[in-house]
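Q: Sequence:
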Amino acid sequence: MITQTMRNGINVNQLVDTIEAIRKEPDLAKFQFRAHTTWDGGGRCHTDIQGFFGAGQEDSSRLQPFTLVGDEPGVLLGGNAGPNAVEATLHALASCLSVGFIYNAAAMGIEVRSLEFDLGGDLDLLGFLGLSDEVRPGYSGIKVTYRVQADAPRQKLEELCEYVQRTSPVLDIIRNPVPVSIELV
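Residues 1 to 185 (our numbering) are what the sequence shown spells out, left to right.
Calculated directly from the structure, the hints in this document are not laboratory data. A quick note: this is a predicted structure, and the numbers were derived from the prediction, not measured. A few of these clues could be false.
What the hints assert, rightly or not - Computed spacing ranges between beta-carbons, pair by pair:
1) GLU159 with THR38: 39 to 49 Å
2) THR38 with LYS156: 23 to 33 Å
3) MET6 with GLN64: 41 to 51 Å
4) GLU158 with ASN13: 25 to 35 Å
5) LEU184 with ARG113: 48 to 58 Å
6) ASN176 with GLU134: 14 to 24 Å
7) VAL180 with LYS156: 30 to 40 Å
8) GLU58 with ASP172: 22 to 32 Å
9) ARG113 with TYR163: 14 to 24 Å
10) GLY54 with GLU159: 21 to 31 Å
11) GLU134 with ASP59: 18 to 28 Å
12) LEU125 with ASP17: 47 to 57 Å
13) PRO73 with MET108: 37 to 47 Å
14) PRO73 with GLY127: 10 to 20 Å
A virtual CB, placed ideally from N, CA and C, is assigned to each residue, including glycine.
Can you build the whole structure from these sequences, using the hints too?
A: This is how it looks when you write it as structure tokens:
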């Protein structure tokens, strides 16, 4: 009988088995995530996220879609019904770093008691509003700080943080250009 090792809420045996399965069959690592967004009026829209392709097949485990609401704050003419897109980007980055940190800590035998991130992004509306070609419409910089309480020395936690930065999909998307095709149909 194999005893399952749970660490930080992660089944470490299943994590190791997943890594080994992908090592043996690399095509299992290919995923396609999808989203469908509908404008709701003003600055508000909602995005449904449900199915995706991964581990060699279409996933149907999500019986209902996850719905994310996006809007703008009042000062940007919105109704404050949800975070705006650049705020959602900060959430996506923190979520990805958190998962990477916790999963890798579990695999390394590190018990994490708490993990928190604070993020801030600087954005100049001159680019978004088309008032300057010299100012980019997106963030000019993002600062991330984190706090962790764990049963590992600081040096080990710093090494883990460096590893997570090298392997974070969302951090990679933000740091490196990604080809995007946009088509009006």
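Q: Run every hint past the structure and note whether it holds.
A: To see whether the hints hold, each was checked on the structure:
Distance hint for GLU159 and THR38: a CB-CB separation of about 44 Å, consistent with the stated range 39 to 49 Å. At about 46 Å, the beta-carbon gap between THR38 and LYS156 misses the expected band of 23 to 33 Å. Range check, MET6 to GLN64: Cβ separation about 27 Å, and the 41 to 51 Å hint is violated. Against the hinted window of 25 to 35 Å, the Cβ-Cβ separation of GLU158 and ASN13 comes to about 27 Å, which satisfies the hint.
Between LEU184 and ARG113 the beta carbon distance is about 50 Å. The supplied range of 48 to 58 Å therefore holds. At about 22 Å, the beta-carbon gap between ASN176 and GLU134 stays in the expected band of 14 to 24 Å. Roughly 37 Å separates the CB atoms of VAL180 and LYS156, a value that falls within the hinted 30 to 40 Å. Checked against the hint of 22 to 32 Å, the pair GLU58 and ASP172 passes, with Cβ atoms roughly 25 Å apart.
The hinted window of 14 to 24 Å between ARG113 and TYR163 holds, with their beta carbons roughly 20 Å apart. Distance hint check: the CB atoms of GLY54 and GLU159 are about 29 Å apart, consistent with the given range 21 to 31 Å. Between GLU134 and ASP59 the Cβ separation comes to about 44 Å, which falls outside the hinted range of 18 to 28 Å. Checked against the hint of 47 to 57 Å, the C-beta distance between LEU125 and ASP17 comes to roughly 48 Å, which is consistent with it.
Separated by about 40 Å at the C-beta atoms, PRO73 and MET108 satisfy the suggested range of 37 to 47 Å. Here the CB-CB span from PRO73 to GLY127 is close to 18 Å, well matched to the stated 10 to 20 Å.
Violation of the numbered hints given earlier is confined to hints 2, 3, 11; the remaining hints are satisfied by the structure.
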